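So the protein sequences, as listed, match chains S and P.
Quick note, the first sequence lines up with residues 1 to 249 if you use full-length UniProt numbering.
Quick note, the second sequence lines up with residues 1 to 152 if you use full-length UniProt numbering.
In case anyone wonders, no lab produced these hints; they're calculated from the structure.
None of these values were measured; they are calculated from a predicted model.
Check before you lean on any hint, since a few could be wrong.
[Claimed, not checked] Not everything, but these chain S residues come out facing chain P in the computed CB check (under 8 Å): (1) Lys78; (2) Val97; (3) Met201.
No residue lacks a Cβ here, since even glycine has one placed at the ideal position from N, Cα and C.
If you want the building blocks of each chain, they are given just below.
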Amino acid sequence: MEKKINHNEVMEVCLLAGKIMMQSGAETYRVEDTMRRIADALGNHPSHSYVTPTGIVFSIDGAGTKIIGIPARSTDLKKVTIVNSISRKISSGDLSVEEAYHALKQVETANLAYPVPVQIAAAALSSGCFLIMFLGGWHDFIPACIAGGLGFSGLIYFHRLVELKFFAEILASLIIGLVSFLFVITGIVHQLDKIIIASVMPLVPGLLITNAVRDLMAGHLVSGLAKGAEAFLTAFAIGAGVAVVLALY
Amino acid sequence: MIVEQIITSFIASGAFGIIFNMPQKSLVKCGLVGMIGWMVYYLLFNHHVNNVMASFAAAFLVAAISQVFARRYKTPMIVFSVAGIIPLVPGGTAYDAMRHIVENQYNTAIQLATRAFMISGAIAVGLVFSEVLNQLIIKFKQSKRSKSAGRQ
Chain S
1 MEKKINHNEV MEVCLLAGKI MMQSGAETYR VEDTMRRIAD ALGNHPSHSY VTPTGIVFSI
61 DGAGTKIIGI PARSTDLKKV TIVNSISRKI SSGDLSVEEA YHALKQVETA NLAYPVPVQI
121 AAAALSSGCF LIMFLGGWHD FIPACIAGGL GFSGLIYFHR LVELKFFAEI LASLIIGLVS
181 FLFVITGIVH QLDKIIIASV MPLVPGLLIT NAVRDLMAGH LVSGLAKGAE AFLTAFAIGA
241 GVAVVLALY
Chain P
1 MIVEQIITSF IASGAFGIIF NMPQKSLVKC GLVGMIGWMV YYLLFNHHVN NVMASFAAAF
61 LVAAISQVFA RRYKTPMIVF SVAGIIPLVP GGTAYDAMRH IVENQYNTAI QLATRAFMIS
121 GAIAVGLVFS EVLNQLIIKF KQSKRSKSAG RQ
């Protein structure tokens, strides 16, 4: 009567769920928690996991250990939400192992991101809004939108060109600095400081900082430090790009 | 004055939701969380509260609201808290520090950098405090329930 549990398949499902979540910017504890829940729901042996931002080790007692590497990370909270709800369905018994694997595979390959023009428009709009929030004048609103939008498009473009995120970030903040500088020279904008700060906001590593702190506090010291280092690198890249323009000024 | 702060912080946080590729139905809630966090910071700062303390209070509230939203809408908490934290990040202070480094005024730069670091720390502590408080409340409720169940 009782169906034999294929631990290998269970491990595959757990690892795939963990990989998608880690790639998309979930917290380490959530990745571990999700994998444990899936393993508990599908199998009957205790499971162990070791999760870092660059790779996941997962084992089920008596069934061996598997490892999966995570070469690149981005921010895609939609995927985190979807995997989260898939794991809920598995826990409640609505999905079998095969169905879950199928659903996760679909999520992994799907491109759920908003269209690039929408993202750039959002970055531009938020730059303008940040200018007002930082007590800039409304006459600088449009220039801030333009600088922020150009900077963000630069980030996307250079990131496609070169796989190195650090490099793309330096160039993006350099573009923002130069565009803002140009606006000031031509007399369109009065406050160089405000427009640069506002336009740089879409590049700020907010998710990484939040995740780093939560991981550190949850006891995931390795992940916390690694994410903190990534956030610091990004902040440094932004600062370096802006500093070049300030040195010219 | 305050109206434009409310509107712009709402739009900015919502737009950040798009950059971080959040689910469509969460975007308005993200904007709401960001707006509340920023208004707390802005009002406190305008009433001459130290900006480290103001950041702490705002981050605390952002995390608290995010937890409520996360439970109600069965969505990971991070979706809401990130949008709320972004406006609080001390970009302006960090920028000022950078500018003084470029101008060879290292003393001022270190002062400003320390301030930026303190603000980031305050945001982090605010997030963590809120989470710890939430866990305490949950534990308290559970122990109460198990006690009353035991009595029956």
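Comparing the hints with the structure gives:
no.: 1; hint: Lys78; result: holds (5 Å)
no.: 2; hint: Val97; result: violated (23 Å)
no.: 3; hint: Met201; result: holds (6 Å)
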